[in-house]
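The whole structure should be built from the sequences, with the hints applied where relevant.
Sequence order for the protein chains is A and B.
Letter by letter, the first sequence follows residues 1 to 296 in the numbering used here.
Letter by letter, the second sequence follows residues 297 to 524 in the numbering used here.
Just to be clear, a hint being listed does not mean it is correct.
As the list claims (entries may be wrong) - Simulated crosslink set (SDA-like; lysine to any residue; CA at most 20 angstroms straight-line):
#1 A:281 to B:512
#2 A:281 to B:415
#3 A:281 to B:321
#4 A:281 to B:350
#5 A:281 to B:507
#6 A:281 to B:309
#7 A:281 to B:514
#8 A:281 to B:371
#9 A:281 to B:410
#10 A:281 to B:486
#11 A:281 to B:515
#12 A:281 to B:513
#13 A:281 to B:453
#14 A:281 to B:441
#15 A:281 to B:306
Since the hints were made in silico from the structure, they are not lab data.
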Amino acid sequence: MLGAATKRKAAGENQGTMSDSPAVSATSTGPMTAAGRPAKTIEARGVNLFYGDFHAVEDVTMTVEPNKVTALIGSSGCGKTTFLRSLNRMHELTPGARVSGEITLDGEEIYGAGVDPVVVRQLIGMVFQQPNPFPTMSIYDNVSAGLNLNARKVPKTQKDAVVERSLRGAHLWDEVKDRLDKPGGSLSGGQQQRLCIARAIAVEPEVLLMDEPCSALDPVATLAIEDLIGELKSRYTIVIVTHNMQQAARASDVTAFFNIEASGQPGHLIEVGPTEDIFTKPGQQATEDYVSGRFG
Amino acid sequence: MPEVARAEYLEELANLEASALGGLDLVSAALTRTLEAVEFQDVELAQLVVADDDRIDGRYLEVHQALITLLATQSPVATDLRLISALLHVLKNVERMGDQCVNICKLIPISGNEPPADEEMVGLILSMGRHTKALIAQAKRAFEERDVEMAQDLVRQDDAVDNLNRDCFRLALELGDDADKREWAMTMLLAARAIERTADNAVDIGEQVAFVVTGLFREFEDASHPEA
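The following block contains the structure:
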């Protein structure tokens, strides 16, 4: 599917609206029900990540299960954010960055020959630590930005529908429906982050990657985002990097712990398992020490 | 940065464990006096045990509150969380054991002055009490040393207490027709039962040792499904 979508794009085919794009139409099989939709599985096998000569992450093999929230935890420099960024080929945007091993989305290599990284990023969206709406662009244009980038022309009525659906999906609609023309920068931090989530889901991704999405937010906005994450998992596969272990415990179904032996060494995946087990009876002493705050 | 992260919290947790397990020493002391009161029909000593139970209850309340505070303020997880959960159970068992001593001591005035005590039955009850004190000491040590094998061995010791309890029952049936003696025996059966329950509480503490170490809870002995 990734290859097919890329070939069409390379051939200059009009991808039309997002719902017309082959990548997305393939994912939208069947009506979306309140119970959600089946999302996709990411498999990482023997993944090594480098920045030039620096070996940042060594030999990570794990499965990111669909319709679940997977939290990546570990101290700074352990490679969890690097690994997250490798899942939608953002890692390679850093000069000198390299990847080896295999990462698949429902069996399809995302680093395969002929796969367009732009298509990968469309299927696997990212929400960042700092809310980064386009500050002067209107709320409406912020949400529809992805559509404008991916399609030549989307009819206004269709765009309206996508904007409303995405803002509702991000729990922001009621707060902004009367001021969609106001700049994105006029919103509060928590609202801006939900706007970014609305922007990410507007292009109907399969997977949402979130890099510390709440670290710049107050506790109320944080809990609102966590509730939202809990709802979004019925439709998407979600991976979240967090330094807040209570957030991992509250918001995730599966937790993966990354660690480094010493500064300058590559990060390793130490243990991945049900969040409940990681926080009550972890299998590895290093995990135990980290979640109990006994590191350092 | 201190050498060990969260040193104060870890020290507090260790102190609370020592306090909770120290409750078992209080119970053991109460049981010693209780047995003495039974042996010598000492009503005054029995009253002292009843009054002194406030210390055991106080230990329960104090450590319980401190553990709740740790839960609220320190977000303990993994082994720390299992330890706190286990200590809450231990405290409850300590409190129950203290109450069983009180129950026995409240029976002593009821059995009357100069009761027609049967030496053999008193002997059985004292023996149950000694076994139970050994169980309490072993439960404490197993917890302190996180020794699951030692904790599981409590079941074997508890069987001895259960057997003595059954012997008490049989003896009570054979004590003859004397109404006063039968009444005394009935009262002593209640005492034996209270000691038997106290030994069960010690086994329950052993189960918590296994939970702290393995993260899995299972009853060493399932009274509802004895065959399983």
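Q. Is residue 281 of chain A close enough to residue 515 of chain B, meaning Cα to Cα at most 20 angstroms?
A. holds, 19 angstroms
Q. Hey, residue 281 of chain A versus residue 415 of chain B, does the alpha-carbon distance stay inside 20 angstroms?
A. violated, 51 angstroms
Q: Below or equal to 20 angstroms on CA atoms is what counts here, so check residue 281 of chain A against residue 306 of chain B.
A: Satisfied, since the Cα-Cα distance of roughly 18 angstroms is no more than 20 angstroms.
Q) For the pair supplied as a hint, residue 281 of chain A and residue 410 of chain B, is the alpha-carbon distance within the 20 angstroms limit? A) Between residue 281 of chain A and residue 410 of chain B the Cα gap is close to 57 angstroms, so the pair fails against 20 angstroms, i.e. violated.
(Q) Just to be careful, I want the Cα atoms of residue 281 of chain A and residue 507 of chain B compared with a cutoff of 20 angstroms; is the pair within it? (A) holds, 10 angstroms
Q. Is the straight-line distance between the alpha-carbon of residue 281 of chain A and that of residue 321 of chain B 20 angstroms or less?
A. violated, 30 angstroms
Q. If you draw a straight line from the CA of residue 281 of chain A to the CA of residue 512 of chain B, is it 20 angstroms or shorter?
A. holds, 9 angstroms
Q. Is residue 281 of chain A within 20 angstroms of residue 441 of chain B, Cα to Cα?
A. holds, 19 angstroms
Q.
Check whether the Cα positions of residue 281 of chain A and residue 514 of chain B lie no farther apart than 20 angstroms.
A. holds, 15 angstroms
Q: Starting from residue 281 of chain A, check that the Cα of residue 350 of chain B is at most 20 angstroms away, please.
A: violated, 36 angstroms
**Q.** Pair hint residue 281 of chain A and residue 371 of chain B, alpha-carbon separation not exceeding 20 angstroms
**A.** At roughly 15 angstroms apart (the allowed maximum being 20 angstroms), residue 371 of chain B and residue 281 of chain A satisfy the hint.
Q.
Tell me if the straight-line CA distance from residue 281 of chain A to residue 513 of chain B falls inside 20 angstroms.
A. OK: residue 281 of chain A and residue 513 of chain B at ~12 angstroms, within 20 angstroms.
Violated hints for the displayed structure, listed by number in ascending order: 2, 3, 4, 9, 10 and 13.
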